[in-house]
Structures are given as structure tokens and as C-alpha cells.
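Asks: Sequences listed follow chains A and B, in order.
Heads up: the first sequence runs through residues 1 to 326, numbered per the working numbering.
Heads up: the second sequence runs through residues 1 to 326, numbered per the working numbering.
Warning: the hint list may mix true and false statements.
[As the list claims (entries may be wrong)] DEER-style ranges, computed between Cβ atoms:
#1 P194(B) with M119(A): 50 to 58 Å
#2 A274(A) with A229(B): 41 to 49 Å
#3 A240(A) with P8(B): 26 to 34 Å
#4 G249(B) with Q91(A): 36 to 44 Å
Keep in mind that the hints were calculated from the coordinates and are not lab data.
For every residue, glycine included, the Cβ atom is placed at its ideal position computed from N, Cα and C.
Protein chains: 2
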Amino acid sequence: MKKFLNLPDEFVTESVTGFVQAHPALVTMHRSPLFVRRRTAKRKGVAVISGGGSGHEPLDLGFVGVGMLDAACPGALFTAPTPGQIVAAAQQVARDDGVVLIVKNYAGDLKAFELARDMLDMPVQWVLVDDDVSGFAAHLGAGRRGVAGTVIVEKIVGAAAERGLPLDTCKRLGDRANQATATMGVALTACAVPGVAATFEIGADQIEMGVGLHGEPGVSRVPFMAADAIVDALLEPIVADLQLAAGQGVLLVVNGLGGTPLAELYLLQAAARAALGRRGVEVRRVAVGNFATALETAGASLTVCVLDDELLDLWDAPVRTATWRW
Amino acid sequence: MKKFLNLPDEFVTESVTGFVQAHPALVTMHRSPLFVRRRTAKRKGVAVISGGGSGHEPLDLGFVGVGMLDAACPGALFTAPTPGQIVAAAQQVARDDGVVLIVKNYAGDLKAFELARDMLDMPVQWVLVDDDVSGFAAHLGAGRRGVAGTVIVEKIVGAAAERGLPLDTCKRLGDRANQATATMGVALTACAVPGVAATFEIGADQIEMGVGLHGEPGVSRVPFMAADAIVDALLEPIVADLQLAAGQGVLLVVNGLGGTPLAELYLLQAAARAALGRRGVEVRRVAVGNFATALETAGASLTVCVLDDELLDLWDAPVRTATWRW
Chain A
1 MKKFLNLPDE
11 FVTESVTGFV
21 QAHPALVTMH
31 RSPLFVRRRT
41 AKRKGVAVIS
51 GGGSGHEPLD
61 LGFVGVGMLD
71 AACPGALFTA
81 PTPGQIVAAA
91 QQVARDDGVV
101 LIVKNYAGDL
111 KAFELARDML
121 DMPVQWVLVD
131 DDVSGFAAHL
141 GAGRRGVAGT
151 VIVEKIVGAA
161 AERGLPLDTC
171 KRLGDRANQA
181 TATMGVALTA
191 CAVPGVAATF
201 EIGADQIEMG
211 VGLHGEPGVS
221 RVPFMAADAI
231 VDALLEPIVA
241 DLQLAAGQGV
251 LLVVNGLGGT
261 PLAELYLLQA
271 AARAALGRRG
281 VEVRRVAVGN
291 FATALETAGA
301 SLTVCVLDDE
311 LLDLWDAPVR
321 TATWRW
Chain B
1 MKKFLNLPDE
11 FVTESVTGFV
21 QAHPALVTMH
31 RSPLFVRRRT
41 AKRKGVAVIS
51 GGGSGHEPLD
61 LGFVGVGMLD
71 AACPGALFTA
81 PTPGQIVAAA
91 QQVARDDGVV
101 LIVKNYAGDL
111 KAFELARDML
121 DMPVQWVLVD
131 DDVSGFAAHL
141 GAGRRGVAGT
151 VIVEKIVGAA
161 AERGLPLDTC
171 KRLGDRANQA
181 TATMGVALTA
191 CAVPGVAATF
201 EIGADQIEMG
211 VGLHGEPGVS
221 RVPFMAADAI
231 VDALLEPIVA
241 DLQLAAGQGV
251 LLVVNGLGGT
261 PLAELYLLQA
271 AARAALGRRG
281 VEVRRVAVGN
291 FATALETAGA
301 SLTVCVLDDE
311 LLDLWDAPVR
321 TATWRW
């Protein structure tokens, strides 16, 4: 797989360096251990930190800024950050009001954040993101994966913290956002970690339903279909999980996995909006783009979050990051 | 090539519909003939319109909004818009102060915009964008192609128009921005128009230098290289064209062609900044992302614009579009 890189081992550092150089007003970088934080730290209030393997950009770096994350800790490609990264980030950006750690439900991330939590000498709360409703590895007992819904949880918790809400409230809102959120993904192609072969093989007339963010095979391989049919298949487990019913208002996130053109994502948005509309569900807010990616995977995920008034208000709150500004 | 679409003939309309639905505060859509315009029209001043084939998203739709375009006219995939689209857009968004048409240098676009200009009963000026310095088809006499530099010209002219500058001044600034801008692209993969085979074949260890935005073969095929070497090769014709010299300050745009992960684009940004720095050229502003794409092509282009104070001031002027907000 051809990629723009120099040495594979230097990829993450060089990429994060480029990211920080490109957004000097927003973020700054700590090199060792590696983390990215807001250029101008909060004066008071709860800090919000996330992190995870690299290869999912803009997640999480692109969401560091006012109204969202105080710091992000990028691990190696598809590899959790070290506890040392998380501890160093928290010590630099968090204060007496404490820190919320937003953790995607993967074994490596859980382990790293657990160790970091135990090492931190400050009030710590924890929001676990597990929005994937594909049923992937359900029989293994590890629970659902955290995927694109992470950006919603980060936005909600970040907005709550920016308003000065206390630690327990930020945690409660994050948990509520996660519980209100469901995601289902599909891949048209696989991806490859530099220096490693493609993560799976897929035929020219097949698509992989239920993929996550690491190029892992999904839950079923089905024949290639029209976009409307793919959207129906993606929405089915989401609707079941959230028990979506007529009259509800939702936030819809159409997320590209990295290699899909924006024009196709917008087409999926129109299809998903129409399909939800046929169920009487109103799309009240929407975000379309590459937010939580899996390297160069061609594919997309649909995320639905059932918005109550409080979550809607926090979603709408101002944000100023590299990826989102409103 | 697997793509998220229903019927190929409906692709553009469905995608544009999804785009407009996703940005209701910014844009609205005229269905027949098809164009996208600002939701809230300028009260007075020069209108700025662009357009071109679809498949380059977010170009040009994503740049409709305050401080940039008043309207954009999307053609079919890789096909110029019709004169009727351009005329209808101008009649709806332009006033007595006239309109600047921003035209990429392709035969189809030129023809459509020329016909539209002749049909418009208002003052019209014209900025031709031809920033591609690859030497592609130079022997054919059609001149250089308009590629990612288009977004810079649209930003400069849009900012000038938003300030109420007169038509001739907007035109002059657009021409100056174009003359100060040079772009060179490279593809790692080809792309395919729906229903059509891939536009060219490329080996697993080859890259295509000097590609444009239509999946056309470039000017040379070379062995795959490290990112730093690719950046040097891309910058060489740019430096020569702009006669870049130590002490100059530039705007750098690192543009993804559609299928390249953001992390790689940021890595290219770091490499390009370092390479320019070694020549004594300072990167004063930067934009990194997918701005002018060629469907799902994996690849990137580097664009350098030599900023004088006036262009810098217009680049920094506020903008509020789907793609750029500052």
C-alpha cells in the first residue's frame, strides 16, 4: 500500500507535528511523552482528555480546542496511547476541578486509561464510549466498540466543561450522550498499516457490514448494493438499539472512513435523512465528513444520537477546533 | 469501482441535495437548472460565481458563503456546467454592481462560461485560474490547468467583493492571486467515474507526477518514494515558476485528492514547510485538507501562493462556508 510517509516509525510524530504547525492558534504539542493540548488552557473548570490509536484522524487531535477537548493523546497506529501520555497531559491541563477521561471501549485503551487514572492525583471521572451496534465480537464479552459516536460524546462533555459544570455533571452528561448514540459502519475496501499487508481481502462486488475503525473484518459480507439499500441496512440495528420512534428528533453523523469522497458522504446523508423521515424521525442536526477514520478505508458509518433539550443545547454550544467550528 | 450511489445519472443531484440539507443556514439549492447559492444574498456589491464539473468536492459548493462565493454551478461528473446554469445563478445572485466569474482553465468550462457571459445583461468580469505548473499538455497550447489554486482565487475575490470593492478591483485582485499561485500534484492511485473503468492503471510501486483533478495521467511516472522526496519533487516546478527566493512569505495549501488520509496530508505539510524553510521561504498561512479532489484518488497537491500584504489581508478576512470558517 503506497502512503505518504518517510519511516513508518516516525509517521505519527511527523503527522502530529504537521497538524500542530497547521493550527498554531489552536493547539500546541508536547513531544515526549506525546500529546496535543489547547494553546490557551482553561482558567478553571473540568478538563476533558481523550486519546487512542492514531490512524483515525481527525479523531482525536482535530477536536482539541475551545468547547471540546483540552488535550488528546495519540498512540501509535491503531495502538492505544501509553498511561504516561495520559498522565502527562492531565497534569498539564487539569486543575483542582478534575478531569474527565473519554475512553473508547477497546482493551488497550481501557488498560492505558485505567493505569493513568490510578496514577493521577486529582479527581478523575471516566466516560466509556461504546456506540457500535454491529454486534461485532458480541460473543466475546468485551462489549461494544467505541467508534464515530466518540465525537458526539467529546462535544457534549467538552461543552459542559466549558460552561463550568462540575465533574460529576460532565460525567453524567457524557454517559447520557453515549447511551443515546448508536453507530453502524460499512467498508468498501480494507486498509493497511504501513509496512503491514491489507487487513482483509474484499471482492470487487462485496461490502463488509459492521466494520469498526481498525480495518478489522466486520460482522457480515454482503453483495454490493445501491446507496439507499446500504443506508437501510445500516439504520436497521441503529433503529432497534435506540428504539427510534416517530416524533423523535435526532443528530445524524455521516462519517467517512478515510477513502470515500465527500460527495458520496453527502449522498448518504440525503438517503439517511429520507429513511429516517419515513419512520417519522426528524434529523434536527447533522454533521457530514471524515471524523473518525480507519486510514484509507473506503467506507462510511452512520451515527444517530437521540437529542433531548439538554444534549441539543450542548451540541449547539460554540466550538473552536481544527475540525469543527461553530 | 464500488461507490455509494443509486443511479449514476442521479449521483450529482442526490449529492448536492445532501450537501444543502446538511448546511441549511449557509446555502440553498436551485434544482433546475442546478446551482447552489448563499441562503442570505448580499445586499449590494459584486457577486462571485464559480462552477465546474462535479467530483471535486468540496470545490466549489463548499466555498459558497459569506466572504467567498455567492453561487456555485456543479456540472455532471468531470463535466462543465451548462451556460444555462451559470446564467440562472448570476441572474439570481448578481445585481447592478456586476459579477466576477471564476473559471478554471479547461476547454469545457471556458466554453460554458463564455456563452454565459455573452448572455448576461450585467457587468461581467472574468478570472481565469491556471495554477498547474506540471507542464501537462503544454505542447497542445491550451495553457495550464486550473487546479487547487482555485480555492485561493475564490477566497481572495470573495473577500474583496464582501468588502464592497468594485468589479474591476475584484477582477484585478483575482488575476493577481492566480499569478502568484502555483500547484503541482501527485497521484498514488487512479479514480473512476461511476459506470466507467479506472482512468489509468498504475503499479503498486509507481506514482504519477503532475496529475490534475480528473484522473487523467500526469506528466511522468516515477518509482514510489519517501514523502520528503515526493515533496521535493512537487516543490521543484513550483519554486521555479514563482521564482521563490529567501525572505518571501507564502500561503501553503496541502490538498488531498480524495482518498488520502488526513494524517498523511499533515505529514506532507510538515515536509513542505521544512523544505520551503531550507530555501528561506516562510510559510505564513496554511490550509490542509481535501479541498479540490478527483473522486477517490489517493494523492495530493501542493499549492504555494506568494502573499503580498493585500492578498494576505484578504486571505485572513472572515469567511463562513461549509468548508472554511474563520
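Asks: Please go over all the hints and tell whether each is borne out by the structure.
Replies: Against the structure, the hints:
The supplied range of 50 to 58 Å is met by P194(B) and M119(A), whose beta-carbon atoms lie about 53 Å from each other. Separation of A274(A) from A229(B) is about 47 Å and conforms to the stated range, judged on CB atoms against 41 to 49 Å. For the pair A240(A) and P8(B), the supplied restraint of 26 to 34 Å holds, since their beta-carbon distance comes to about 32 Å. Between G249(B) and Q91(A) the beta carbon distance is about 37 Å. The supplied range of 36 to 44 Å therefore holds.
The structure fails none of the hints (numbered hints given earlier).
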